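A.B. asks: Protein chains in written order, with full-length UniProt numbering: chain A, 1 to 103; chain B, 1 to 103.
Do not rely on the hints blindly, as some may be mistaken.
[Said to hold, decoys possible] Calculated from the model, a selection of chain A residues having no Cβ within reach of chain B, i.e. all distances over 12 Å:
1) Ala33
2) Ala59
3) Gln66
4) Ser69
5) Lys70
6) Arg71
7) Leu72
8) Thr74
9) Met75
10) Gly76
11) Ser78
12) Ile80
13) Gln101
[Unchecked claim] Heads up, incomplete: computed chain B residues facing chain A, CB under 8 Å, no partners named:
14) Gln5
15) Asp7
16) Met22
17) Ile23
18) Ala26
19) Ile29
20) Asn30
21) Trp37
22) Lys38
23) Trp40
24) Thr41
25) Arg48
26) Asn88
27) Pro90
28) Thr92
29) Gln96
[What the hints assert, rightly or not] Computed list of lysine-lysine pairs in BS3-like fashion (alpha-carbon distance at most 27 Å, straight line):
30) Lys70(B) <-> Lys45(A)
31) Lys47(A) <-> Lys70(A)
32) Lys70(A) <-> Lys45(B)
33) Lys45(A) <-> Lys70(A)
34) Lys47(B) <-> Lys70(B)
35) Lys70(B) <-> Lys45(B)
These aren't lab readings, by the way, just hints derived from the structure by calculation. All figures in this text were calculated on a predicted structure; none of them were measured in a lab. Glycine residues also receive a C-beta, built at the ideal position from the N, C-alpha and C atoms.
2 protein chains.
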Amino acid sequence: MKLLQVDFAYPNLMGSTLSEGMIELANSINDEAGLIWKIWTEQIKDKRGGGIYLFDSEANAERYLQMHSKRLQTMGASDIRGIIFDVNLPLTRINQGPVPQEG
Amino acid sequence: MKLLQVDFAYPNLMGSTLSEGMIELANSINDEAGLIWKIWTEQIKDKRGGGIYLFDSEANAERYLQMHSKRLQTMGASDIRGIIFDVNLPLTRINQGPVPQEG
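This is chain A alone, in the form it adopts within the complex:
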């Protein structure tokens, strides 16, 4: 299990206003190999968007990050920062972290 943390500069954040395009994009993300969940993040003040993802494996997280980085660039994002982390499960369990049991 891997956590993918992505954030980027994006001038066109819309807050809770949703375009049909973003709903379609979210639906398509459910079909990505190995995705467990995604939290969509945004900071209107500094015009930064992002996402926190849980994937089943490093390979699937890495493949998604490569594809998504290119997609973000075509959408007008810049300063894209993506890091794939391990999850420390024992400590995360103590703090109610929403990570399923492995295995």
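Given the coordinates of chain A, assemble chain B onto it according to the supplied hints.
C.D. replies: Quick look at chain B alone, frame taken from chain A:
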């Protein structure tokens, strides 16, 4: 509800090996005002640690970030990056994001 994303350079990551000190720290985090959950993240290869937190309010997230940044420095962390994000709830719901209902 706010998502706090923190990551930092840390030379002493231990993977799944846990010291009693880290367990105590995790337990204390459960007592922080407004904390809903924390996921503990680490990347051994690049010696980067971090955490993804969900808080009930911006004020509580901001207060924790200030306190935690100082604590991380005393623990030997550097290049500390902390960003408080809004969560786009409609898109997050589409992707099974582990965020409780508000209100």
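A.B. asks: Decide, hint by hint, whether the structure agrees.
C.D. replies: Hints and how they fare:
1. Ala33: Ala33(A) clear of chain B: closest Cβ-Cβ about 14 Å, beyond 12 Å.
2. Ala59: Given that every Cβ of chain B is farther than 12 Å from that of Ala59(A), nearest at about 15 Å, it holds.
3. Gln66: For Gln66(A), whose nearest Cβ neighbour in chain B is about 17 Å away, the distance exceeds 12 Å, so it holds.
4. Ser69: At roughly 17 Å from the nearest Cβ of chain B, Ser69(A) sits farther out than 12 Å, so the non-interface label holds.
5. Lys70: Since the minimum Cβ distance to chain B is about 20 Å, Lys70(A) lies beyond 12 Å and the statement holds.
6. Arg71: 15 Å, holds
7. Leu72: 15 Å, holds
8. Thr74: Holds, since 19 Å exceeds 12 Å.
9. Met75: About 14 Å separates Met75(A) from the closest Cβ of chain B, which puts it past 12 Å; holds.
10. Gly76: Given that every Cβ of chain B is farther than 12 Å from that of Gly76(A), nearest at about 17 Å, it holds.
11. Ser78: 16 Å, holds
12. Ile80: At roughly 14 Å from the nearest Cβ of chain B, Ile80(A) sits farther out than 12 Å, so the non-interface label holds.
13. Gln101: Gln101(A) clear of chain B: closest Cβ-Cβ about 14 Å, beyond 12 Å.
14. Gln5: Since chain A brings a Cβ to about 6 Å from Gln5(B), closer than 8 Å, the hint holds.
15. Asp7: Hint on Asp7(B): holds, closest Cβ of chain A at ~7 Å, below 8 Å.
16. Met22: With a closest approach of 6 Å, the Met22(B) hint holds.
17. Ile23: 7 Å, holds
18. Ala26: At about 4 Å, which falls below the 8 Å cut-off, the nearest Cβ of chain A leaves the hint on Ala26(B) intact, so it holds.
19. Ile29: Since chain A brings a Cβ to about 6 Å from Ile29(B), closer than 8 Å, the hint holds.
20. Asn30: Holds, about 6 Å.
21. Trp37: 4 Å, holds
22. Lys38: Status holds, d = 4 Å.
23. Trp40: Check passed: Cβ of Trp40(B) comes within 4 Å of chain A, closer than 8 Å.
24. Thr41: This interface hint holds because 4 Å falls under the 8 Å limit.
25. Arg48: 7 Å, holds
26. Asn88: Holds: closest Cβ of chain A sits about 4 Å from Asn88(B), inside 8 Å.
27. Pro90: 6 Å, holds
28. Thr92: 5 Å, holds
29. Gln96: 4 Å, holds
30. Lys70(B) <-> Lys45(A): 24 Å, holds
31. Lys47(A) <-> Lys70(A): With a Cα-Cα distance of about 19 Å, the restraint between Lys47(A) and Lys70(A) holds, given a limit of 27 Å.
32. Lys70(A) <-> Lys45(B): 24 Å, holds
33. Lys45(A) <-> Lys70(A): Holds: Lys45(A) and Lys70(A) sit about 24 Å apart, inside 27 Å.
34. Lys47(B) <-> Lys70(B): 19 Å, holds
35. Lys70(B) <-> Lys45(B): Satisfied, since the Cα-Cα distance of roughly 24 Å is no more than 27 Å.
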